[in-house]
Amino acid sequence: MITDVTIPEPQAPLPGAGVNSSQGLLQWISSVDHKQIGILYLLMSLFYLLVGGALALLMRVQLMAPENQFLGPEAYNQLFTMHGTTMIFFVLTPAILGFSVYLTPLMIGANEMAFPRLNAFSFWIAFFGGLLLYFSFLAGGAPNAGWFNYAPLNQMQYSSQPGIDYYCIGLLLAGIGTVGTGANLIVTIISLRSHGFKYRYLPIFVWMVFINGFLILAAFPSLNAALVMLLIDRQLDGHFFNTASGGSALLWQHLFWLFGHPEVYIVVLPPFGIISEVIQVYSRKPIFGYPFVVGSGFAIALLAFGVWVHHMFATGMGNTMNSFFAASSMLIGIPTGVKIFNWLGTMWGGSIRFTTAMLFATSFLVEFTIGGLSGISFAIVPIDWQLTDTYYVVAHLHYVFLGGSLFGLLSGLFYWFPKMTGRMLNEKLGRWFFWLFVIGFNLTFFMQHILGVIGMPRRVYTFPNLPGFGLLNLISSLGAFLMGVSMLVFLYLLYEALRRGKRASDNPWDGYTFEWLTTSPPQLKNFDTLPPVFSFRPLHDLNHPEIGDHKKSTDDKYGT
Amino acid sequence: MESKLMMKLVVGSEAIFFLALMMGFVYFAYFPGFDPKSLALLDLTKTGAFTVLLLASSFTFWRAEISHRNGQIGSLKGWLAATVGLGVIFLFGQGMEYNHLLVNQLVVSKGTFATGFFTLTGFHGLHVFIGLIMLAVVLYLTFLGDFDRPQSSVISAVGIYWHFVDIVWVIVFTLVYILPHVVNMK
Ligand SMILES: [Cu+2]
Numbered sequence: 001m002i003t004d005v006t007i008p009e010p011q012a013p014l015p016g017a018g019v020n021s022s023q024g025l026l027q028w029i030s031s032v033d034h035k036q037i038g039i040l041y042l043l044m045s046l047f048y049l050l051v052g053g054a055l056a057l058l059m060r061v062q063l064m065a066p067e068n069q070f071l072g073p074e075a076y077n078q079l080f081t082m083h084g085t086t087m088i089f090f091v092l093t094p095a096i097l098g099f100s101v102y103l104t105p106l107m108i109g110a111n112e113m114a115f116p117r118l119n120a121f122s123f124w125i126a127f128f129g130g131l132l133l134y135f136s137f138l139a140g141g142a143p144n145a146g147w148f149n150y151a152p153l154n155q156m157q158y159s160s161q162p163g164i165d166y167y168c169i170g171l172l173l174a175g176i177g178t179v180g181t182g183a184n185l186i187v188t189i190i191s192l193r194s195h196g197f198k199y200r201y202l203p204i205f206v207w208m209v210f211i212n213g214f215l216i217l218a219a220f221p222s223l224n225a226a227l228v229m230l231l232i233d234r235q236l237d238g239h240f241f242n243t244a245s246g247g248s249a250l251l252w253q254h255l256f257w258l259f260g261h262p263e264v265y266i267v268v269l270p271p272f273g274i275i276s277e278v279i280q281v282y283s284r285k286p287i288f289g290y291p292f293v294v295g296s297g298f299a300i301a302l303l304a305f306g307v308w309v310h311h312m313f314a315t316g317m318g319n320t321m322n323s324f325f326a327a328s329s330m331l332i333g334i335p336t337g338v339k340i341f342n343w344l345g346t347m348w349g350g351s352i353r354f355t356t357a358m359l360f361a362t363s364f365l366v367e368f369t370i371g372g373l374s375g376i377s378f379a380i381v382p383i384d385w386q387l388t389d390t391y392y393v394v395a396h397l398h399y400v401f402l403g404g405s406l407f408g409l410l411s412g413l414f415y416w417f418p419k420m421t422g423r424m425l426n427e428k429l430g431r432w433f434f435w436l437f438v439i440g441f442n443l444t445f446f447m448q449h450i451l452g453v454i455g456m457p458r459r460v461y462t463f464p465n466l467p468g469f470g471l472l473n474l475i476s477s478l479g480a481f482l483m484g485v486s487m488l489v490f491l492y493l494l495y496e497a498l499r500r501g502k503r504a505s506d507n508p509w510d511g512y513t514f515e516w517l518t519t520s521p522p523q524l525k526n527f528d529t530l531p532p533v534f535s536f537r538p539l540h541d542l543n544h545p546e547i548g549d550h551k552k553s554t555d556d557k558y559g560t
Numbered sequence: 001m002e003s004k005l006m007m008k009l010v011v012g013s014e015a016i017f018f019l020a021l022m023m024g025f026v027y028f029a030y031f032p033g034f035d036p037k038s039l040a041l042l043d044l045t046k047t048g049a050f051t052v053l054l055l056a057s058s059f060t061f062w063r064a065e066i067s068h069r070n071g072q073i074g075s076l077k078g079w080l081a082a083t084v085g086l087g088v089i090f091l092f093g094q095g096m097e098y099n100h101l102l103v104n105q106l107v108v109s110k111g112t113f114a115t116g117f118f119t120l121t122g123f124h125g126l127h128v129f130i131g132l133i134m135l136a137v138v139l140y141l142t143f144l145g146d147f148d149r150p151q152s153s154v155i156s157a158v159g160i161y162w163h164f165v166d167i168v169w170v171i172v173f174t175l176v177y178i179l180p181h182v183v184n185m186k
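Top line first, the protein sequences correspond to chains F and D. Per the working numbering, numbering through the first sequence is continuous, rising by one, with the last residue being 560. Per the working numbering, numbering through the second sequence is continuous, rising by one, with the last residue being 186.
Calculated from the structure, these hints are not laboratory results. A hint or two may mislead.
Claimed, not checked - Examples of chain F residues lying across from chain D (beta carbon under 7 Å, computed):
#	residue
1	V179
2	S191
3	L217
4	D237
5	L255
C-beta: ideal position from N, C-alpha, C; glycine also.
Using the sequences and the hints, build the whole thing.
Below, the structure written as structure tokens:
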């Protein structure tokens with residue numbers, strides 16, 4: 001009963017630069033193939049992960065003992081600024097875009113993105129944005145006012161080195177690239193789905209990418225506007241944020257967090273999609289409550305724009321304002337909680353295979369929940385007043401960004417690596433990496449909750465020898481070094497798999513979605529023919545016609 | 001269809017960008033109040049006239065789209081050229097105004113009003129300029145015969161952008177040139 005649908009040849013030839021070198025560097029640089037650009041995004045992300053991680057290790061050396069003088073305050077300011085900026089804009093953002101760009105066309109049965117050249121442009125402009133940001137080290141000093149770069153510290157009179165100018169230009173370029181890719185993904189999903197691929201058959205990952213596209217389009221303009229205004233302040237002596245001449249420091253905070261809070265969801269929605277796919281496949285069940293997973297994604301995206309003032313409770317906005325944003329911030333816990341239960345429900349009663357990818361997905365559920373709970377504690381205004389600007393915030397945001405975003409991304413990497421490279425990763429080493437990383441991560445950041453509660457302020461280069469401070473910081477630093485060691489295992493793991501890894505079959509995990517239908521790695525043209533789509537597990541229907549979701553009732557199919 | 005959808009998304013994102021700049025302008029211009037001396041330097045009638053010309057370019061572009069749909073290449077070229085011309089005149093007018101302000105020592109660093117004014121109108125001018133580049137490319141392609149058939153969606157995609165730039169100007173003009181007089185009269 002299943003008949004294949006032939007993919008029509010593109011009407012116009014795919015754009016190419018006409019470069020005639022088979023697999024050399026030039027071919028990668030000139031490529032407009034979504035798979036190559038996706039891999040380039042991931043490589044960029046890996047590179048900056050190592051750089052940003054090294055910066056963090058330097059900071060942890062400085063904080064290992066009380067009154068340490070390893071780094072001076074100036075160097076320390078630059079390090080924490082560059083660490084945060086790098087990790088958010090040049091590790092997490094390119095990583096989610098890399099997975100989105102690589103997988104979206106494959107999952108919807110398309111052979112390319114809607115705008116392949118725009119795709120390449122968006123990557124390269126973000127790439128050069130990162131280089132510009134790092135060029136600031138050579139140009140007289142890196143930015144030093146924190147990743148959120150608060151006014152008036154971002155003004156010339158407080159930071160006269162050119163770092164913050166490079167911050168503005170670098171993030172502006174990367175931001176333009178991100179907006180370009182976000183729009184490109186939306187158009188791709190709307191217009192390039194294969195024949196009969198209804199919206200209600202889209203894989204959860206594609207849904208999350210789709211929602212994320214709108215989040216990007218709506219959030220990044222606020223940042224871009226703030227950046228050009230700051231550049232005008234610094235270069236043309238403008239007065240937007242310069243409190244000394246009538247400007248407003250709060251205006252910067254409003255614009256920045258109007259971007260900054262949604263940005264948290266921008267880097268976490270695609271990982272939500274990733275672990276939805278991973279948990280389904282390794283539990284041998286369809287996702288539990290498909291409409292709720294998708295719907296709560298929409299709810300999160302909408303609420304994301306109504307909570308930014310929770311970053312500004314300490315600025316004295318008044319009780320009405322604070323109460324409103326406290327309430328909206330707590331509200332956002334609901335759709336996130338719904339998702340956690342959907343994933344648990346998917347695992348419930350499944351025959352679970354704990355591969356490395358599944359280990360990361362499972363620990364995501366634990367760590368992200370911790371990050372979510374500490375986040376909700378901030379929504380309570382008096383607690384926020386007590387804990388703001390302490391290490392409690394540092395602990396919280398690392399549980400969200402690492403325990404949430406990065407764990408999801410690593411889960412995705414272990415899951416899709418065989419598809420992307422045609423090689424299997426070593427599961428035994430994978431487990432070593434997982435446990436070292438998870439233990440190191442929790443040692444580092446769990447301690448920081450306590451440090452925050454007992455009053456250690458963040459962004460200060462050293463601390464006095466108060467009871468508990470020395471020991472907790474030492475444990476935190478040792479945990480960070482454990483994570484550093486685990487990264488070496490990770491690098492070796494990747495190297496070994498690429499050099500002599502086992503060949504991967506086309507569908508090693510018995511996956512559900514169309515990317516597992518192609519060869520591993522996929523050819524330049526993803527598909528020649530595709531089976532018809534009758535459920536959100538089209539490949540599972542093809543390989544297991546005896547189960548066949550398309551035969552089930554809607555309630556059964558969608559777990560409602 | 002894809003290029004039109006793309007343009008709609010880009011325009012939506014750009015709208016938020018301008019909204020942020022406008023918030024910046026309004027925040028300062030309305031709360032500390034306007035500096036009457038800076039305000040007096042703005043020439044409402046002259047800029048008003050250039051505004052009418054920019055709006056006229058939306059009309060000429062609309063005519064160009066209709067000509068394209070009906071396959072009338074000759075009038076397509078004419079209306080497109082008229083649109084480009086009106087856009088250039090608008091930018092010329094903005095240049096004259098900037099020159100007038102600079103001669104009278106109203107520069108970006110002269111207080112929050114000036115900073116907001118130059119940022120807002122400057123970024124709008126930049127968008128007009130980008131629009132003109134796109135229009136010039138479309139006009140050139142028309143002469144090469146790329147739009148002889150009415151199927152292409154490129155012209156309507158560029159149209160979405162051009163109309164957007166015009167609408168933004170209407171709001172900017174109202175915020176910067178008209179409202180202050182109303183507010184100050186009270
Ligand atoms: Cu937030």
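- [ ] Please write out, lowest number first, the hints stated earlier that are contradicted by the structure.
- [x] none
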